[in-house]
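So the protein lines, in turn, are chains A and B. Heads up: take any position in the first sequence, counting from 1, add 42, and you land on this note's numbering. Heads up: take any position in the second sequence, counting from 1, add 42, and you land on this note's numbering.
Read the hints as simulated data drawn from the structure, not as lab findings. Any given hint could turn out to be false.
[To be verified] Computed far set for chain A versus chain B, every beta-carbon distance over 12 Å:
| no. | residue |
| --- | --- |
| 1 | Pro73 |
| 2 | Leu79 |
| 3 | Ala95 |
| 4 | Ala98 |
| 5 | Trp102 |
| 6 | Cys105 |
| 7 | Leu124 |
| 8 | Pro154 |
| 9 | Lys232 |
| 10 | Ala367 |
[As the list claims (entries may be wrong)] Okay, the calculated bits of chain A under chain B, using three or more residues with CB under 8 Å as the criterion:
| no. | region |
| --- | --- |
| 11 | 295 to 307 |
| 12 | 315 to 323 |
Here a beta-carbon is modelled for each residue, glycine too, at the ideal position from N, C-alpha and C.
Number of protein chains: 2
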Amino acid sequence: MSTPAGLAPLGKVRIAVDCMGGDHGPAVTLPACKAFLASHPSAELVLVGNRAALAAAQDWPRCEIRHASEVVAMDDSVEVALRKKRDSSMRVAIQALRPGRSDEPGDAAESPLAHACVSAGNTGALMAVARYLLKTVEGIDRPAIATVMPHQNNGYTTVLDLGANVDCTPEHLLQFAIMGSALVAAVEGKPQPRVGLLNIGEEAIKGSETIKRAGELLRAAGDAGELNFHGNVEGNDIFKGTVDIVVCDGFVGNVLLKTSEGLASMLGGFIKQEFTRGPYSLLAALVARPVLERFKRRVDPRRYNGAALLGLRGLVFKSHGGADAFAFEQALARAYDAARNRLLDRVHARIGHSLQAWQSDAAVLPGPVQEKAA
Amino acid sequence: MSTPAGLAPLGKVRIAVDCMGGDHGPAVTLPACKAFLASHPSAELVLVGNRAALAAAQDWPRCEIRHASEVVAMDDSVEVALRKKRDSSMRVAIQALRPGRSDEPGDAAESPLAHACVSAGNTGALMAVARYLLKTVEGIDRPAIATVMPHQNNGYTTVLDLGANVDCTPEHLLQFAIMGSALVAAVEGKPQPRVGLLNIGEEAIKGSETIKRAGELLRAAGDAGELNFHGNVEGNDIFKGTVDIVVCDGFVGNVLLKTSEGLASMLGGFIKQEFTRGPYSLLAALVARPVLERFKRRVDPRRYNGAALLGLRGLVFKSHGGADAFAFEQALARAYDAARNRLLDRVHARIGHSLQAWQSDAAVLPGPVQEKAA
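Please work from the sequences and hints to get the whole structure.
Here it is in structure tokens:
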């Protein structure tokens, strides 16, 4: 992992874990935390949840337990998570990212308890509580959700937004591109990741007015050296590895993510069905087992569990709700890499640089005609 | 295949084939036509293209050759296809669907030469030429492109629109739902196919304003008996077979189609790589071959080649440009089924019924507040 000058990796990384979230709670999160601590000797954890439920961890090294009396259920509304359950494990874990550590505005700023937080709780609640407690970074209108999908060249494509924003302006898409670039720079160590704008054809003239205008903004930002803009990409480019980052609005991103999950699950089911259809197939399955296992490992979605909530003044990572211990451990590792390589500072730096550029270049950027004073 | 009373299947079906379109032209289309004729004894074909290139077919039974001096290339612009190449095989094939058979407006109406037309030419050009020559059905603002995707219960989900319309109003989405219902009724013999609205959550409150309003329109149409509305669906429902028809705008539809193609292709590539990685894998591949072949056949995209251009006053089917003879034959078969089961009459009947309902129910349909005379 490379970090630019002035952004040396953190020596010690502390992660707050919502141990009660997700479909399985501590039965999954505690074994994941244990394995994570073993493989990350400089990491520290703040385990948040019901003290009794977390008793098994009370003597673990590099671990602190924070009691929280409530749990945000997977089907709790945003309203309930935000207004009713004020002592939820999710909320207390996010709060650990705040300087001052309390809900009270104007509280004295002290160093935050943790550098990142991980929860498998419900996405809507997590985003709402995180946004309420942490606020957005200056220059970012809306936080976005980013995850990775595997591509055919044994790497990953980062896709955002995945559902935080159903209606996006061209400016939002530009902000997603900048935040995604910071994420990939931090987690994958690529200083100038390539950004593609998801469209329905490679030609710049295709797509809706929003997409066309976003293309102009991204191109201008690319020309100004703020990001490495490749141009338009199509859905299949995600799996070809054409670019490092694919930017789209949250409606499209959510559809493509769920479509991909559905297709992969169907194809996996078909393979299983065909290899159990009669005695010869079962024999073939036995012989082919090492090969099939290798294939399965290669496409195992648990390996890239852990979506980043970007644009907040704190690093929040969302694990799949149904994650098992192995999957949850990967989400912890992604949060660790992001915090260690100072993702938050990178987002601040990139967006600050862009804000400056936008202010000074406002006159030359392509754009709708500005209203003029009469 | 069932057809409602008054819509008896056609006895003889005649299909106009753009034999020059696609990546391979007559090398693919002619063998496909030959196989199709053999398996459809009551079908007739009009083979359109350069007479010399189609010489092999000149003595085929139930076949007529129509010379066309030009070919729309895969990278020709809509402008070129529409204005310059006025004697293209694509255009002449579509023209065969028009009563009067000529470009001249006000021409005497006579029975069209063919009931449906199939082309593997470029989609943009095909839609533009078809729209220009055939016009849209009354009550339909915009034609849509519909295709099927396989689902895990060994059936197909019909998805539309796939890219003809990047920005859709709620009314467009309702029209897509009605046309999709007519298509599935005709081709799959399901009189009341279930319609789902693609969204990012099953709850009615999710999604953009357009999607929410479309949900209201579809629900009202369902309540009025115009279609069988299931509610919101998500991307993975396409492969679960939750509904028969998934409705979305052309941007989303195109992204989900290409994402699915890209993912399927990557996974297929991974399977191949793993089964050729060293001597043991090669042996396993040999043993597992019959199973893998069965899997491959099951997910073979050639089997469901042939997208319908819906909403035009003529049945136009689009084959994949890279189709081989087997795939092109499937597109011919889909066009045949649609024509035989009178898809055009069904679209007319359904949309006519809905138009009446909209006019008489305008006051009670949920909708934006109507402007009132002062």
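Verification of the supplied hints:
no.: 1; hint: Pro73; in the structure: holds, 28 Å
no.: 2; hint: Leu79; in the structure: holds, 33 Å
no.: 3; hint: Ala95; in the structure: holds, 30 Å
no.: 4; hint: Ala98; in the structure: holds, 35 Å
no.: 5; hint: Trp102; in the structure: holds, 38 Å
no.: 6; hint: Cys105; in the structure: holds, 36 Å
no.: 7; hint: Leu124; in the structure: holds, 16 Å
no.: 8; hint: Pro154; in the structure: holds, 32 Å
no.: 9; hint: Lys232; in the structure: holds, 21 Å
no.: 10; hint: Ala367; in the structure: holds, 24 Å
no.: 11; hint: 295 to 307; in the structure: holds (count 12)
no.: 12; hint: 315 to 323; in the structure: holds (count 5)
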